[in-house]
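*Asks:* So the chains spell out like this:
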Amino acid sequence: AQSVTQLGSHVSVSEGALVLLRCNYSSSVPPYLFWYVQYPNQGLQLLLKYTTGATLVKGINGFEAEFKKSETSFHLTKPSAHMSDAAEYFCAVSVYNQGGKLIFGQGTELSVKP
Amino acid sequence: KAGVTQTPRYLIKTRGQQVTLSCSPISGHRSVSWYQQTPGQGLQFLFEYFSETQRNKGNFPGRFSGRQFSNSRSEMNVSTLELGDSALYLCASSDTGGSYEQYFGPGTRLTVT
Numbered sequence: 160a161q162s163v164t165q166l167g168s169h170v171s172v173s174e175g176a177l178v179l180l181r182c183n184y185s186s187s188v189p190p191y192l193f194w195y196v197q198y199p200n201q202g203l204q205l206l207l208k209y210t211t212g213a214t215l216v217k218g219i220n221g222f223e224a225e226f227k228k229s230e231t232s233f234h235l236t237k238p239s240a241h242m243s244d245a246a247e248y249f250c251a252v253s254v255y256n257q258g259g260k261l262i263f264g265q266g267t268e269l270s271v272k273p
Numbered sequence: 158k159a160g161v162t163q164t165p166r167y168l169i170k171t172r173g174q175q176v177t178l179s180c181s182p183i184s185g186h187r188s189v190s191w192y193q194q195t196p197g198q199g200l201q202f203l204f205e206y207f208s209e210t211q212r213n214k215g216n217f218p219g220r221f222s223g224r225q226f227s228n229s230r231s232e233m234n235v236s237t238l239e240l241g242d243s244a245l246y247l248c249a250s251s252d253t254g255g256s257y258e259q260y261f262g263p264g265t266r267l268t269v270t
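So the protein sequences, as listed, match chains D and W. The numbering used here puts the first sequence at residues 160 to 273. The numbering used here puts the second sequence at residues 158 to 270.
Calculated directly from the structure, the hints in this document are not laboratory data. Each hint should be verified, as a subset may be incorrect.
Unchecked claim - Here are the in silico distance ranges between beta carbons for each label pair: (1) Pro-199(D) x Ile-169(W): 14 to 22 angstroms; (2) Gln-211(W) x Thr-211(D): 24 to 32 angstroms; (3) Ile-169(W) x Ser-187(D): 38 to 46 angstroms; (4) Pro-196(W) x Thr-231(D): 26 to 34 angstroms; (5) Thr-253(W) x Ser-173(D): 18 to 26 angstroms.
As the list claims (entries may be wrong) - With the Cβ distance kept under 7 angstroms, some of the chain W side facing chain D (calculated, not the full set): (6) Pro-196; (7) Phe-202; (8) Glu-205; (9) Glu-209; (10) Leu-267; (11) Val-269.
Please read all numbers here as calculations on a predicted model, not as lab measurements. Every residue, glycine too, gets a C-beta built ideally from N, C-alpha and C.
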C-alpha cells in the first residue's frame with residue numbers, strides 16, 4: 160500500500176534562506192508524486208509533479224523537487240525563501256490504477272521570519 | 158479556463174441533519190475526487206467519480222455518498238451528521254483521473270453543532 164511521510168510538521172526559516180521540506184513515500188509500483196501548497200482558508204494549489212523522465216522537476220514560484228528512487232524521497236526545495244512562501248505544504252502520491260486517488264502526507268507548515 | 162468551484166463555501170448544520178455539497182470541475186475535466194481535511198486526520202480521500210460512475214472509494218462510512226451528473230458536476234451528501242464530520246471538504250478535478258494531477262477547489266467548510 161502506498162503511503163507518504165513528511166518529516167517535520169513545522170519548519171521555520173529566515174527570509175532569503177534555503178527551504179527544504181522532506182517527503183518520503185512508500186509504493187510498490189512506480190509512483191507519481193506531487194507537491195501542493197495550501198494558504199489559509201484556501202484549497203490546494205499544485206506546485207509541481209513527477210511522473211516519469213527527468214528526476215529533477217521544477218515548479219511554480221521557484222520551487223523544485225528531486226525524485227530519488229533509491230531513497231524513496233521527493234524533497235521540496237527553494238533556494239531563497241520569501242515571506243509569501245509561508246503556507247502549509249503537502250506531499251502526495253498517486254495510487255496507480257486506482258483512479259483519481261491521492262494519498263497525502265500530514266503536511267508541513269512553513270514559517271518565514273523577516 | 159475557470160477553476161474548480163464549490164458551493165457553498167461555509168455551512169453550519171446540526172447533528173443528525175444531512176447536507177449536500179456541490180462541485181463544478183474545470184471545463185472538460187471528467188474526473189472529480191472528494192477529500193475531507195481535518196486537523197487530526199489530515200487529508201483523506203472520500204471517493205472519485207468519472208463519467209458519472211464511482212470509480213474509487215475511500216474508507217468512509219455509508220453516510221457519505223456522492224454522484225456525478227452528465228455535465229461532470231458532482232455532489233456529495235452526508236446524512237445523519239455527527240460532530241466529527243466538521244471539516245473542510247475539498248473537491249478536485251482532473252481530465253482523466255488516474256495518475257494525472259488534480260486541481261482543487263477552495264473547499265466547503267462544514268461545521269456540525
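*Asks:* So, for every hint listed, does it hold in this structure?
*Replies:* We went through each hint and held it up to the structure:
The hinted range of 14 to 22 angstroms is satisfied by Pro-199(D) and Ile-169(W), whose Cβ atoms lie roughly 20 angstroms apart. Distance hint check for Gln-211(W) and Thr-211(D): the Cβ-Cβ separation is about 28 angstroms, which falls inside the suggested range of 24 to 32 angstroms. For Ile-169(W) paired with Ser-187(D), a C-beta distance near 42 angstroms keeps the hint of 38 to 46 angstroms intact. For the pair Pro-196(W) and Thr-231(D), the supplied restraint of 26 to 34 angstroms holds, since their beta-carbon distance comes to about 27 angstroms.
As the Cβ distance of Thr-253(W) to Ser-173(D) is approximately 42 angstroms, the hint placing it in 18 to 26 angstroms is violated. Given hint, Pro-196(W) at the interface with chain D, is violated; its Cβ is 10 angstroms from that chain's nearest Cβ, farther than 7 angstroms. Interface hint at Phe-202(W): satisfied, since its Cβ lies 5 angstroms from the closest Cβ of chain D, which is below the 7 angstroms cut-off. Taken as an interface hint, Glu-205(W) checks out: its beta carbon lies about 4 angstroms from the nearest beta carbon of chain D, inside 7 angstroms.
Evaluation of the Glu-209(W) hint against chain D yields a violated restraint, the C-beta minimum of about 14 angstroms exceeding 7 angstroms. A hinted interface residue such as Leu-267(W) counts as satisfied when its beta carbon comes closer than 7 angstroms to some beta carbon of chain D; here the least separation is about 14 angstroms, so the hint is violated. The beta carbon of Val-269(W) is not positioned within 7 angstroms of any beta carbon in chain D (closest approach about 19 angstroms), and the interface hint is therefore violated.
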